[in-house]
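Peer 1: Guided by the hints, dock chain B onto chain A, whose structure is given.
Here are the chains, one letter per residue:
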Amino acid sequence: MDFFERQEKCRRNTKLLEVYFALAVIGVIASVYLAALFVAHHYGIRHGRHDYSNYESSLSLWDPQLFLWVAMPTLALILGGTFYKIQQLAGGGSVVAEMLGGRLILPNTADPDEHRLRNVVEEMAIASGTPVPQIFVIDEQRGINAFAAGHSTSDMAVCVTRGALKLLTRDELQGVIGHEFSHILNGDMRLNLRLMGLVFGILCLTLFGRILLQTRGRKNPLPLAGLVLILIGSIGVFFAKLIKSAVNRQREFLADASAVQFTRNPAGLAGALKKIGSCGSRIDDSGAEDASHLFFANGLSESLLGLFSTHPPLDERIRALDPGFDGRFTPVDFSLLDDRGAKSQSPAVIAPGRGGTPSRLGDLIGGAIVATAMRGPSPPGQFAAHAGTVTPQHLDYAADLRSKLPPVLTDAAREPMGAIALIFAMLISPDEAMRKTQLDQLQQRLDPGMFQELSRLLSATAALDSRARLPLAVLAVPALRRLSPGQYAQFEDDLTFIIESDQQVELFEFMLQKLVTRQLDPHFQQPRRPVVQYYVLKPLLPDCVVLLSALACAGSGEPAAIRSAFQQGAAQLGIDGLSALERHACGLDQVEAALERINQGAPLLKKQVLNACGVTVAADGVIQEYEAELLRAIADALDCPIPPFLGV
Amino acid sequence: MMLVPILLVGILVLAVAVVFFVVAGYNKLVALRNRFKNAFAQIDVQLKRRYDLIPNLVETAKGYIKHERETLEAVIAARNAASTANVKAAQNPGDATAMKELAGAEGALSGSLGRLFAVAEAYPDLKANQEMMRLMEELTSTENKIAFARQAYNDSVMIYNTERETFPTNLIANTFNFAAAEMFTIDKPEQKEAPKVSF
Chain A
1033 MDFFERQEKC RRNTKLLEVY FALAVIGVIA SVYLAALFVA HHYGIRHGRH DYSNYESSLS
1093 LWDPQLFLWV AMPTLALILG GTFYKIQQLA GGGSVVAEML GGRLILPNTA DPDEHRLRNV
1153 VEEMAIASGT PVPQIFVIDE QRGINAFAAG HSTSDMAVCV TRGALKLLTR DELQGVIGHE
1213 FSHILNGDMR LNLRLMGLVF GILCLTLFGR ILLQTRGRKN PLPLAGLVLI LIGSIGVFFA
1273 KLIKSAVNRQ REFLADASAV QFTRNPAGLA GALKKIGSCG SRIDDSGAED ASHLFFANGL
1333 SESLLGLFST HPPLDERIRA LDPGFDGRFT PVDFSLLDDR GAKSQSPAVI APGRGGTPSR
1393 LGDLIGGAIV ATAMRGPSPP GQFAAHAGTV TPQHLDYAAD LRSKLPPVLT DAAREPMGAI
1453 ALIFAMLISP DEAMRKTQLD QLQQRLDPGM FQELSRLLSA TAALDSRARL PLAVLAVPAL
1513 RRLSPGQYAQ FEDDLTFIIE SDQQVELFEF MLQKLVTRQL DPHFQQPRRP VVQYYVLKPL
1573 LPDCVVLLSA LACAGSGEPA AIRSAFQQGA AQLGIDGLSA LERHACGLDQ VEAALERINQ
1633 GAPLLKKQVL NACGVTVAAD GVIQEYEAEL LRAIADALDC PIPPFLGV
Chain B
21 MMLVPILLVG ILVLAVAVVF FVVAGYNKLV ALRNRFKNAF AQIDVQLKRR YDLIPNLVET
81 AKGYIKHERE TLEAVIAARN AASTANVKAA QNPGDATAMK ELAGAEGALS GSLGRLFAVA
141 EAYPDLKANQ EMMRLMEELT STENKIAFAR QAYNDSVMIY NTERETFPTN LIANTFNFAA
201 AEMFTIDKPE QKEAPKVSF
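Chains A and B supply the protein sequences, listed in that same order.
Residue numbers for the first sequence follow my numbering, beginning at 1033 and rising by one.
Residue numbers for the second sequence follow my numbering, beginning at 21 and rising by one.
The following block holds chain A by itself, in its conformation from the complex (with noise of 0.2 Å):
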């Protein structure tokens, strides 16, 4: 099952949820409505207020009156708690972090055991192709434990605990965030938030009964009409928490097989969740009931039976990655959890367990230039099968990769003013006159301070190999996301002016552009869920044309070739008759707007869209890298992570 079945799967998922939790809501409801039913009776007969002689009779299960006063207050209750939560889940995965006392950390952190955990999230983004997350610790947790919350790569967190951030080796780390990035991989972030939202309306019942408990008084109903919302909302709390737990345990068994998938080191997943065994990965926080899903370990103490458990034995998750486990869970060195990090300089470079493999890129990416031709994907037509995969290779690239980058602009890229400066100057032409003149422009338009810091960076950029820009763009990302709003719009003007200033805006700077506004504008506007549209091609045509025209036209200058290309790939969508647009009406307004209706297509539709951009850039024969930089450019503008191509 490839990334874009998963995502349908999930989709149809989310859907039979919804179903199943209408029914539990159905089913609470009716609950309060009999119970009500029977202490209305019940006070009625102790005042006397019912004739005795009839008492059989006057027990009718519809009373309007009833009915209106205890159940639409109920709906009320339910309703409004879940579309509550749901709005304010809507905030992105970092409000569940912050909700669960995470603390944010900076891309320039000077903590060293933060700065590793920022090293191995980094490598994760890059060998995946997606996003950096942000990154959240939970200082006031000692115990071992991971989530990542968000409902798309572009709103993503990640969050350890302090104990997982000081206990853990980094192979282990480099498990358990493997583990988080195989569910953001694997798309059941969104099925996860909506499980949140639904499941804290049935949680309000409960929390409204204990109210009412507390309320004074003689001959006062209410205290036993909040018991009896207690009783009634655990019943929908039992079942809610039922199908949770039946949906995560499933989920759990596969995340860690796609960890090891990623990381081919089962000792490193393996070793963090036996060192959870003597330590414990409770979260005592009263925001972890309805959280408990996201978890990467049990985050609640044992429950009956472990019917509620919502992860699989510990002893089963670790013998399945290490059939040889005897037992015994590996002690923990407990006086690491209060250091305050002053003194260990752990180097920030790739752990030595890795080291030993020769890399298999070859040659310098802050180096010269290399136009070595890729085959690229094989064959050009499957492109989209890589979607959502990651294997031990491309996270040796990214380790090696990340370690090539020349420092100056990594550690620019981790500053907010610097990587404003690394963006500007990835996206200045090469073109000596042409640079000359913009950088005239910038001097006139930006503060003082901020050329300054772009002149810094432009010899380093100027030199850089095709392979290295999006990624730095990617690692730039969270610095950019602590922009205040007002920053950030002066950024936006900043980067089209520069877009536009050199009068011929290639596509891949434009694609640049896009990839970074779109994974930093969930951040300063509310993030917008996206909403399956289209199930059929057939809408989303001439967009199609449009995309596929526009690459094309990227590709070569030649009428003949441009039709030949064109046509190729729109053979693989299947579909005849299609011609090519000219220049003028493929240009990138185009683009984006073709762009944006195509993200609302599902899932299985983007798969051939994709395909068929791979064989329409694929059609002079290679696979350039600039060309595959651009695919994965056009995958992210359709949140689809695509990892770096490996060369032959």
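If you are wondering where the hints come from, they were derived from the structure by calculation, not from laboratory data.
Per the computed footprint, the stretches of chain B lying under chain A, defined by three or more beta-carbons under 8 Å from a beta-carbon of chain A, are:
1. 26-38
2. 54-65
3. 175-187
Partial selection, computed: residues in chain A whose CB lies under 8 Å from chain B:
4. Ala-1108
5. Gly-1112
6. Glu-1130
7. Gly-1481
8. Gln-1519
Derived contacts from chain B toward chain A, CB cut-off under 7 Å, selection only:
9. Asn-164
10. Phe-168
11. Ala-172
Predicted model only: the values in this text are computed from it and were never measured.
Just so you know, even glycine gets a beta-carbon here, dropped at the ideal spot from N, CA and C.
Peer 2: Just chain B now, kept in the frame of chain A:
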């Protein structure tokens, strides 16, 4: 009569709505407060880098400017004072007293650095020293970054304060003691600019 229960139900529903509205407002204030606190963390990182650079700078200069001991010592003293003020402010970003103290200490530090550079003008050997040039370059770069981070922080503080003062969120803010946040502004106009390095 159906009217009374319906009215009561209506009131109950309204009450529920109000509760959720209040909670939403509270959460928004918390989120905005986190934003400016994170923005201060960015200033903190840059300030610490500056404080780390200065002792090196003074050591390098000492070799050449043997007779200007007071100027050098003044720089170190100002740097230490600013570092202390920074630690206090980092524990409570946005607190009026802490921020004003930090702004004052930073202003004093920039002032003493300015005086050091004015003195250094008269020592061409010092100007030509490689290490000195490197340190100066880093210092300027760091000070640019501080200014940039300060702008981001002040923007976030302004957004938070506005939200805090607007009806109806101001009711929630007052009930739950969301204090107004203080911006980070350097008072003296001549110290707003990074000390010019003109060799």
